[in-house]
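**Student:** For reference, the chains in residue letters:
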Amino acid sequence: GAVVSQHPSWVICKSGTSVKIECRSLDFQATTMFWYRQFPKQSLMLMATSNEGSKATYEQGVEKDKFLINHASLTLSTLTVTSAHPEDSSFYICSARGGGWRDEQFFGPGTRLTVL
Amino acid sequence: RKEVEQDPGPFNVPEGATVAFNCTYSNSASQSFFWYRQDCRKEPKLLMSVYSSGNEDGRFTAQLNRASQYISLLIRDSKLSDSATYLCVVKGTGNQFYFGTGTSLTVIP
Chain A
1 GAVVSQHPSW
11 VICKSGTSVK
21 IECRSLDFQA
31 TTMFWYRQFP
41 KQSLMLMATS
51 NEGSKATYEQ
61 GVEKDKFLIN
71 HASLTLSTLT
81 VTSAHPEDSS
91 FYICSARGGG
101 WRDEQFFGPG
111 TRLTVL
Chain B
117 RKEVEQDPGP
127 FNVPEGATVA
137 FNCTYSNSAS
147 QSFFWYRQDC
157 RKEPKLLMSV
167 YSSGNEDGRF
177 TAQLNRASQY
187 ISLLIRDSKL
197 SDSATYLCVV
207 KGTGNQFYFG
217 TGTSLTVIP
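In the order they appear, the protein sequences are chains A and B. For the record, in the first sequence the residue sitting at position 12 is 12 according to the working numbering, with numbers rising by one throughout. The working numbering runs 116 ahead of the 1-based position in the second sequence.
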């Protein structure tokens, strides 16, 4: 499969700060990237879908002003959690689709965010 | 009705057993189907893609039944390392992907 990296792998921050998470496709050009969050023992929840060079499409209930997504290139998408609060603590995972693959999504290793 | 439904399990099977999971989907126009495995506190990893009737990779076989709108995953000769949650993913129209809630498998020595 293809390789997707995510950075940082974990972060602890104080309430009110902003956190940026990077997602990179290392060996293919990702025309579409997805951002998910997952709470313990729950399913993946899609937050937004982003295509390179265009605005992200957010799922219902996800605040676009709080979760800023930028997909500036075919290998990089960023998610910024603005003014993070303890309830934002979660496992954030990105995935990428594209390159020579048909519909497969390849997931990054995830970022564990803890907001104190 | 949910777009994708899976039996959450848990499935507890002895080593060497054969186990099968089913996943039903609601959109008859779906064309792409995937099985992922997810270990605890890790990201999902692609196990198998199915675009036609099925796919096989070693001990793993996926079968698609379009008439009944389900996709199955068969694991033969289960190993301890197969213990994980197995996610069924179905692609709808456009960029829409629908995830099942996952089926938990524990292989017991």
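Among the clues, some could well be false.
Claimed, not checked - Far from chain B, some chain A residues (derived; all Cβ distances over 10 Å):
| hint | residue |
| --- | --- |
| 1 | ARG24 |
| 2 | ASP27 |
| 3 | THR32 |
| 4 | SER43 |
| 5 | THR57 |
| 6 | LYS66 |
| 7 | LEU68 |
| 8 | LEU74 |
| 9 | GLU104 |
Unchecked claim - Here are the computed lysine to aspartate or glutamate pairs in the DMTMM-like style, where the Cα-Cα straight-line distance is at most 25 Å:
| hint | chain 1 | residue 1 | chain 2 | residue 2 |
| --- | --- | --- | --- | --- |
| 10 | B | LYS118 | A | GLU52 |
| 11 | B | LYS161 | B | ASP193 |
| 12 | B | LYS161 | B | ASP198 |
| 13 | B | LYS195 | A | ASP65 |
| 14 | B | LYS161 | B | GLU121 |
| 15 | A | LYS41 | B | GLU119 |
| 16 | B | LYS118 | A | ASP27 |
| 17 | A | LYS41 | B | ASP155 |
| 18 | B | LYS195 | A | GLU87 |
| 19 | B | LYS118 | A | GLU104 |
| 20 | B | LYS161 | A | ASP65 |
| 21 | B | LYS161 | A | GLU52 |
| 22 | B | LYS118 | B | ASP173 |
| 23 | A | LYS41 | B | ASP173 |
Since the hints were made in silico from the structure, they are not lab data. Just so it is clear, the structure is predicted and the values come from calculations on it, not from any experiment. Glycine included, every Cβ here is placed at the ideal spot set by N, Cα and C.
**Student:** Which of the stated hints cannot be reconciled with the structure, identified by number in ascending sequence?
**Tutor:** 3, 4, 5, 9, 10, 13, 16, 18, 20, 22 and 23
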